[in-house]
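Participant: Add chain B to chain A, keeping to what the hints say.
Chain by chain, the residues:
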Amino acid sequence: MEEGRKFSFVSSILVGASAFVPLIYFLWSGADPLGSDFPILLGLILQVYIGFSAFMLVQSYETIYTERVAFGYAIFWTSLGICYLAGKTVLLPVSLEIASFSTIIIYSGTEFGRKQIESLGSLLLASGISALFLSAWVFLPENDPRGLFFLTIGLLVKSGFSGFHIWLPKVNEGGPSHALGSFAGALEIFPLLLFTRYVLPNWQDPFLYSILFPLAALGVFFGGITSFFHKDPKKALAYSSIESINFLWLCLATTGMFQTSTEPELKFLSNSFYILFFISLLHHSFSKTFQVFSIGLVARLRNSSSTDEMKGIGRYIGISPLWMGIGTFSYAVIPGTLGFVSEATYLFLNARILDMPLGRSVFLLPAMIFIFFGIVLGGFTHIRLFLSLFLSFPNPNTALPEWNPVKRRWVLISVGSLAVMILLLPLLLPFILQIPSLAKYVDESLRLWIQSLAIVSGITVMFVFSLVFFRWSHKIRKRKYWDCGNGYLGPELSIPATVFSEPLRNSIGRYFLTKEGLSIIDQSVLNFFKRFLNVGEYILKSEEHQDEEVSHYLAISSVFLITILAVLVIGDWGKI
Amino acid sequence: MSVNSLLLIVYQILIFIGLPLVLGGIVRKVRARTQGRKGPKILQVFYEIRKYLAKEPIDNPNSGIFAEISPIISLYAAIMIWSIVIFEWAPFILIPFFLALYRFCFVSFAMESGTSFGGLGSGREILLSVMAEPTIILMILVAQSHIELSLTPVSALIGVLFLLLSFVAILAELAKPPFDDPRTHLELTMVHEAMILEASGRTMGYLELASQIKLAGLLSFLIKLALEHSKLFPLGEFGNITRELLVLPGAVGLAILLGFWEADSVRRKWSWVPEFMGLCFLAILILGTLVKLS
Numbered sequence: 011m012e013e014g015r016k017f018s019f020v021s022s023i024l025v026g027a028s029a030f031v032p033l034i035y036f037l038w039s040g041a042d043p044l045g046s047d048f049p050i051l052l053g054l055i056l057q058v059y060i061g062f063s064a065f066m067l068v069q070s071y072e073t074i075y076t077e078r079v080a081f082g083y084a085i086f087w088t089s090l091g092i093c094y095l096a097g098k099t100v101l102l103p104v105s106l107e108i109a110s111f112s113t114i115i116i117y118s119g120t121e122f123g124r125k126q127i128e129s130l131g132s133l134l135l136a137s138g139i140s141a142l143f144l145s146a147w148v149f150l151p152e153n154d155p156r157g158l159f160f161l162t163i164g165l166l167v168k169s170g171f172s173g174f175h176i177w178l179p180k181v182n183e184g185g186p187s188h189a190l191g192s193f194a195g196a197l198e199i200f201p202l203l204l205f206t207r208y209v210l211p212n213w214q215d216p217f218l219y220s221i222l223f224p225l226a227a228l229g230v231f232f233g234g235i236t237s238f239f240h241k242d243p244k245k246a247l248a249y250s251s252i253e254s255i256n257f258l259w260l261c262l263a264t265t266g267m268f269q270t271s272t273e274p275e276l277k278f279l280s281n282s283f284y285i286l287f288f289i290s291l292l293h294h295s296f297s298k299t300f301q302v303f304s305i306g307l308v309a310r311l312r313n314s315s316s317t318d319e320m321k322g323i324g325r326y327i328g329i330s331p332l333w334m335g336i337g338t339f340s341y342a343v344i345p346g347t348l349g350f351v352s353e354a355t356y357l358f359l360n361a362r363i364l365d366m367p368l369g370r371s372v373f374l375l376p377a378m379i380f381i382f383f384g385i386v387l388g389g390f391t392h393i394r395l396f397l398s399l400f401l402s403f404p405n406p407n408t409a410l411p412e413w414n415p416v417k418r419r420w421v422l423i424s425v426g427s428l429a430v431m432i433l434l435l436p437l438l439l440p441f442i443l444q445i446p447s448l449a450k451y452v453d454e455s456l457r458l459w460i461q462s463l464a465i466v467s468g469i470t471v472m473f474v475f476s477l478v479f480f481r482w483s484h485k486i487r488k489r490k491y492w493d494c495g496n497g498y499l500g501p502e503l504s505i506p507a508t509v510f511s512e513p514l515r516n517s518i519g520r521y522f523l524t525k526e527g528l529s530i531i532d533q534s535v536l537n538f539f540k541r542f543l544n545v546g547e548y549i550l551k552s553e554e555h556q557d558e559e560v561s562h563y564l565a566i567s568s569v570f571l572i573t574i575l576a577v578l579v580i581g582d583w584g585k586i
Numbered sequence: 128m129s130v131n132s133l134l135l136i137v138y139q140i141l142i143f144i145g146l147p148l149v150l151g152g153i154v155r156k157v158r159a160r161t162q163g164r165k166g167p168k169i170l171q172v173f174y175e176i177r178k179y180l181a182k183e184p185i186d187n188p189n190s191g192i193f194a195e196i197s198p199i200i201s202l203y204a205a206i207m208i209w210s211i212v213i214f215e216w217a218p219f220i221l222i223p224f225f226l227a228l229y230r231f232c233f234v235s236f237a238m239e240s241g242t243s244f245g246g247l248g249s250g251r252e253i254l255l256s257v258m259a260e261p262t263i264i265l266m267i268l269v270a271q272s273h274i275e276l277s278l279t280p281v282s283a284l285i286g287v288l289f290l291l292l293s294f295v296a297i298l299a300e301l302a303k304p305p306f307d308d309p310r311t312h313l314e315l316t317m318v319h320e321a322m323i324l325e326a327s328g329r330t331m332g333y334l335e336l337a338s339q340i341k342l343a344g345l346l347s348f349l350i351k352l353a354l355e356h357s358k359l360f361p362l363g364e365f366g367n368i369t370r371e372l373l374v375l376p377g378a379v380g381l382a383i384l385l386g387f388w389e390a391d392s393v394r395r396k397w398s399w400v401p402e403f404m405g406l407c408f409l410a411i412l413i414l415g416t417l418v419k420l421s
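Going down the list, the sequences are from chains A and B. Its first residue numbered 11, the first sequence is counted upward by one per residue in the numbering used here. Its first residue numbered 128, the second sequence is counted upward by one per residue in the numbering used here.
No lab work stands behind these hints, which were simulated from the structure alone. Just so you know, these numbers come straight off a predicted model, no measurement behind them. Just to be clear, a hint being listed does not mean it is correct.
[As the list claims (entries may be wrong)] With a cut-off of at most 30 Å between alpha-carbon atoms, the simulated DSSO-like pairs for lysine-lysine come out as follows:
{"id": "1", "chain 1": "A", "residue 1": "LYS540", "chain 2": "A", "residue 2": "LYS525"}
{"id": "2", "chain 1": "B", "residue 1": "LYS182", "chain 2": "A", "residue 2": "LYS488"}
{"id": "3", "chain 1": "A", "residue 1": "LYS485", "chain 2": "B", "residue 2": "LYS178"}
{"id": "4", "chain 1": "A", "residue 1": "LYS490", "chain 2": "B", "residue 2": "LYS182"}
[Stated by the list, open to error] Partial selection, computed: residues in chain A whose CB lies under 7 Å from chain B:
{"id": "5", "residue": "ASP365"}
{"id": "6", "residue": "PHE390"}
{"id": "7", "residue": "PHE473"}
Ideal placement from N, C-alpha and C gives every residue a C-beta, glycine not left out.
Pulled out of the complex, with its shape left as it was, chain A reads as follows:
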């Protein structure tokens, strides 16, 4: 036991160092952390923090293969750190691939079934495709515009942008919670920060952003609705991630679209959405990781993928639902949380859009309002999961043999570290926005707005804390059953998560999900790819002359080879 603890300590040092060293190297490398390299700085800081929280959860989650998982995390954080530091070098795609392959070790201890293999496969496939495009950027000359184009595609794929998102729910379906939290809090935001560092300042043409804007808006709408109706909590969180990530892309698209504008209102919009991007990124990173950790924990304890089978399990873990609900409060945009600051600022900017000259506001406002619908449903996804998993009354015969006070302590530290940031950052934002690289984008009205949000957040959080500790005049001393309930005592009547979503299924849900709970859009895309990949099989089946198979294959291969050579030769002629 003691030896195990010593090794665990060594593992902690190993993981901590792997997350920290890239940050320290970055600070000593002569980069400009408070200037143009601010996105890189933020990414590296976030990976240190999320790395800490994830590793605390590993201590609770994984008891047999802790050292192996720690080793996987050491490789993962080092490689992800190198991804940030690599810049336009071959190290970028290579380290991205290493980070992705390290997840095989991180998944140690998970019982490998179809879902787990699909999860790893999807992650590796997305990383592989992304790495191909990143390599194209790396090997193209510095000023070649095609390079930025390839870089953008690679980053869109890796972040789960609308249309490129299909791998993300698959990854979430089978992965362990600590890994999924790390992906949500660090891996998914890495492409966005790289885009902010390398594409946004260098691609001034609004054309790219005017394509990204509607696609991102669709992603928010689709992600929010799908997550609300999904029955698997991990996949529901994945679609919620798609909604959040696309909202972040929307902020970047709006920033890019108007960054060269000379009109003050549009310039204000561009700058303010840039700031909103960073606020929402922090919200996504901390709140989504919190949600994946807390809801994933319940899913693991119940060993189920159906929300309805998990009702009330959160009551058994011995941690106050108030504490386990802080991520939900953030997504429910309750004042005092990061989610509140993010959404309130988005509303503030929409009100400014409404005040803009006629043509532009009439164009932008309907899009922004439909995005609200996605955001609102995305928020209610978290509310319905929390209400059912943590507040519903559980079956008293449910046993959780794996659970014990030591595990509880690690979970408390893990989610507690994230909760602190969700509650503290709204108060610190007015000071954070004074960092030179951000201050130049902050208009006076936006500064005052963020300040007032910080004050409102501070008052609300203090009020709630005072109530939690002192109860004021509302301490309930007497408890008894009323007759409303007809003699039933709780578990028979408690509410599963589908109670909240099913009444809306006929009106909205049926257009987005099948009866089995699968996304109609994603299934259609997957079926298309499946048919496309089966073309070869179809050709082979239609082939009747078995004896000539070899010569046919040779002929087809030769034709492809000649075509590739012809393309290369023509390309060279073009250069001459």
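Facilitator: Below, chain B without anything else, positioned relative to chain A:
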């Protein structure tokens, strides 16, 4: 500070304290009179709340932290909404967030007790909120903007239609017919009442007080939305004071209208609610665009 401003602040403080205590009573009185009954006193709601607040709360053995803190937090959220509407110390944009806090308090209170009615009411409350929230957000965006409707007949018509749909969204938020019917006391048809069926004593007092303050807040907000975005009043101090003075009669007028509405309408079936609210959202979106264009 001029004498007018000082008087205005005193007037606002009086409204802030007094209006929530009488608006609910006015609704009940008008409803009773419309149905040919005498009805309770206008201050009856206030007397009931006072009676509740004097009693010790008793709660379900299954309940925990949320049952203890939710009622006071819902009151806090309602007071924040009400103070923003009356004193405008913060932008109207903050209202949906305090509405979210208020709603979460009620729903978590109901869910934690683990009774059938609590769960049933919470589920319905979430359904109403999902459908009403985008409409309310759009309404608040217009309120926050500097759009002013001109006095042409077309603008007036668009403005009136916009306010009518806003009123519908507020009915959903306030759990009034056709979305909910607080009078029936048939548990299977209730939303708001079902959520607080377990509440007693001081718990009930806080929740009821929060509901009354929210009623005053949303009705007054609708009046302010109408007054502040039309060119009915001249610019300057006189116009501003007139607008503020009209909040009280406007809110009382809306409460009377609500009383008539409650007396003469019924709750519709649930499958109708999402379709109707979806339609409202689209209509208010189109009207919002037309408001901007007019």
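Participant: Hint by hint, say whether it matches the structure.
Facilitator: Hint check:
The suggested pairing of A:LYS540 with A:LYS525 holds, with an alpha-carbon distance near 21 Å, which does not exceed 30 Å. Under the criterion of a C-alpha separation no larger than 30 Å, the hint pairing B:LYS182 with A:LYS488 is consistent with the structure, at around 12 Å. Distance restraint check for A:LYS485 and B:LYS178: the Cα-Cα separation of roughly 18 Å lies within the 30 Å cut-off, and the hinted pair is therefore satisfied. Proposed proximity of A:LYS490 and B:LYS182 is supported: the alpha carbons are some 16 Å apart, at most 30 Å.
The beta carbon of A:ASP365 is positioned within 7 Å of a beta carbon in chain B (closest approach about 5 Å), and the interface hint is therefore held. A least Cβ separation of about 6 Å between A:PHE390 and chain B falls short of the 7 Å threshold, and the interface hint therefore holds. For A:PHE473, the interface hint holds, since its Cβ comes within 7 Å of a Cβ in chain B; the closest pair sits about 6 Å apart.
In terms of the numbered hints stated before, the structure departs from none.
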